[in-house]
Amino acid sequence: MKEIPQVEALLEAMCAELRDFLASQARQDPLVVGIRTGGVWVAEGIRSRLGVADPMGELNINFYRDDFTRIGLHPEVQPSMLPFDVDGRHVLLVDDVLHTGRTIRAAMNEIFDYGRPASVTLAVLVERSGRELPIRADVAGTRLSLRPQDHIKLTGPEPLALEFKQAR
Amino acid sequence: MGTRIRGGWVVDPANGIDEQLDIYVEDGLIVGLGPGPANFEVEREYHVDGNVVCPGLIELRASLREPGQEHKATIASESRAAVRGGITTLCCTPDTDPVIDTPAVVELIHQRAAAVACARVEVQGALTQRLEGSRLSEMGALRDAGCIGVSNAYRVMENTEVVRRAMEYAATFGLTVLLFPEDPWLAQDHAAHEGAVGTRLGLPGLAETAETITLARDLLLVEASGVRAHICGLSTARGVEMVAQARARGLPVTADVALPNLFLTEMDVTDFNSACRVRPPLRTQRDREALRQGVREGTIATLCSAHQPHEPDAKQAPFTEAAPGISGLETLLVLTLRLVDEGLLTLQQAISRVTYEPARVFGLEAGTLSPGRPADICVFDPERHWMLTRERLWSEGRNTPFIGWEFKGEVTHTFVGGRLVYHLEEA
Amino acid sequence: MNLQLTEDGRLRHFLTIEGLDRPLLTRILDTAESFVGVGERAVKKVPLLRGKTIANLFFEPSTRTRSTFELAAKRLSADLLNLSVSASATKKGESLMDTLRNLEAMQCEMFVVRHEASGAAHYIASHVAPHVSVINAGDGRHAHPTQAMLDMFTIRRHKERFEHLKVAIVGDLMHSRVARSQIHALSILGVPEIRVVAPRTLIPPFIENMGVHVYTRLNRGLKDVDVVIMLRLQHERMDSGLLPSEHEYFRYYGLTEERLAVAHENVIVMHPGPMNRGVEIDSDVADGPHSVILQQVTYGIAIRMAVMSMCLGNPPAVEGGEG
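Line order of the protein sequences matches chains E, Y and P.
Take 12 as the starting number for the first sequence in my numbering and just add one per residue.
Take 2 as the starting number for the second sequence in my numbering and just add one per residue.
Take 3 as the starting number for the third sequence in my numbering and just add one per residue.
Since the hints were derived computationally from the structure, they do not count as laboratory data.
Fair warning: there could be bad hints in the mix.
With beta-carbon atoms standing in for the labels, derived distance ranges [what the hints assert, rightly or not]:
1) P:Asp241 / Y:Arg393: 55 to 61 Å
2) P:Arg43 / E:His85: 16 to 22 Å
3) Y:Ala188 / P:Ser79: 49 to 55 Å
We treat Cβ as the ideally placed atom computed from N, Cα and C, and that holds for glycine.
If we strip away everything but chain E, and leave its shape as in the complex, we get (with noise of 0.2 Å):
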């Protein structure tokens, strides 16, 4: 059974390794953007943390999964909000856990309809392995290695904990 990190201390920790990415990449002011739900969560720690001026965007990349035919449309659906211009600025895409690529994948095409960011930084919490997508963190909180029948879940909001399920 794996230890599992508290989150304070993964948020601080990204938060640390954002600020010498960011700068050493030259992305000033950049704009946090947070995937429904959790993602949100994290990116409201992050933001903080990083004292950003800016609002946050909140994005709901239901429109955007490639699951759509499989599924349906899911019955979640407050819609995204973007309240700046994304035109030539940095972004800051947080999520809590990258596991397939999927969703990232799918922010960033939705990212793209509402204008042309300048670059986009990936920060998630906690970076899985299963990817079936060429897609990477920039930052992670904690790089896990897992079997395809494990699960990590961030729950919240209050307090942020991250539950792991190990299958038998």
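Given the coordinates of chain E, assemble chains Y and P onto it according to the supplied hints.
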């Protein structure tokens, strides 16, 4: 040398017979019931134990579609369907093409029926030329050619003066006038009963008054002219009341109801089922109850199917664009028997409504098993269950909402003029 | 009607409001909510229905409704086929089936149908292949469900809740498919008082059975109402002996500011369009502060996007998705 039909339960309401008897047939006529005539040689014998034997049914008004609409049905196809349902006489309506307003068309139909040699076909002539409601038809010639009555079919007549003169003229020649009561102005562009269901479904409706207004007009004119009249297809409670009052006053008026109106209502149209599009429309529960009571009390003395076979395309359309009408020959008997099952009528009364009484409407000597009469006989197994399916229908018209219904009672033998024209094949 | 729903209760066809439950109608409104923002973005599209072909099958002419369906389809990235079929040119029934079969052979996944016969959309829906969906864009006098839903969306946007509303529908109810759908929707969504106002000749018999109160006097019908829906009066009504003149109709049933004054002070005025100014509604009201008529048009696109995606997003079996 003749035929004996043995062991059946004979129901002949006209003669008050309701017992097990044998029937003797010779040269196309009934020659005896019970003990046979002396020296009767049995050439052919049919054992019908457990079956009911009654007069062959008479379908009071059926559209046979020939001449002119053979793509819907023909005299041949419908005669065969008729005898399968125990019907030995079909009274065809004049709404053919050309309309039955000349002796030539009457003869044509008689010849076709004779050639098919199945059910008898009696002809109703048109009340007015081309059924246009303005000039009287040559009713004298039509009668002499063999028409048993004259009718305006489903073509409503606007001109009151014409209706009056047509009745007087028909009375001159002793013809029964068949009237379809529908006010032409109130009946513009309708598809269903004007009621709660029609409103909800947005179907243009036919108000009750469309029937009662014309009925009132026609009954008053009947009273003035003294013509023998028959009201076709009552559909409203109020209409039944009006006919009852007229009869109580001694008017020579009879009425029929199409069997579907005794079982179905406007509720059956809820899913836009075009099989339930009929004229007059299926109305409310209240109307259905009143029609049933009218049948029980004898105000409505006859039952018919108002047979209207259609080709599939005519019904394969949205409700308001589908042609009205139900193909009903093959359910005439079983729907009538269902009324017995439901306690509305006795078997005697029920059989009477589809044999003796229709004959009386036209002043025909038929619908009975009296010795000396043609041997038009229906034999059916009252306990046999069967389900109506599309494939089972012999009529060219498969347009009936009763597909999928289970019925009790199936015809086993039908005789026309002593000849076996239908026999149930055991599977 | 179960014809509209899949076995697990999802929307397959959208033919009439009747027979759908409150949760489903609410889901349509919520889904539409997410689509409203799409029209305000740089790229006014989402890729949800990419690769699907939708056919607009309009047997009755219509610019407005057809173009909103077209816009809705395109904003979902679907391909759209516009077919205007002249109903008089087709033989009854025959061509309808043939037209359908031809379209199915062209692999259309959805038909949006407008037809002058009540029940036409039901008829088409009961004859299409299992994977094809039908949306009713108006059939005869029977139903116009997407219009009713966008009206409900408009009401919800302005009034938030349905439970305490008094709603009046004014005008030619006899011939209105919009009104019938609206009555069903209002009723299912829990509006406690639904009124209809019109002269007797324009009130369908037994409409009380649908759960409405009938008024023939406009001032009584509008008293204290929160929502007024005005219906269009067509010229044909004078010709078919239902009304003497537009002049008299406007005098007794036209919505003017004066008439509107008896309603609740926050009343909203709606109209499914197109308006006949000076016949059923005065310009002062149509352009006035209570009018939400223009917004109805915007919401119409979102509602249609919602219904289209709900109907076409029906999987053979439900599986989980991985992030």
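Hints numbered earlier in the text: which of these fail when held up against the supplied structure? 1
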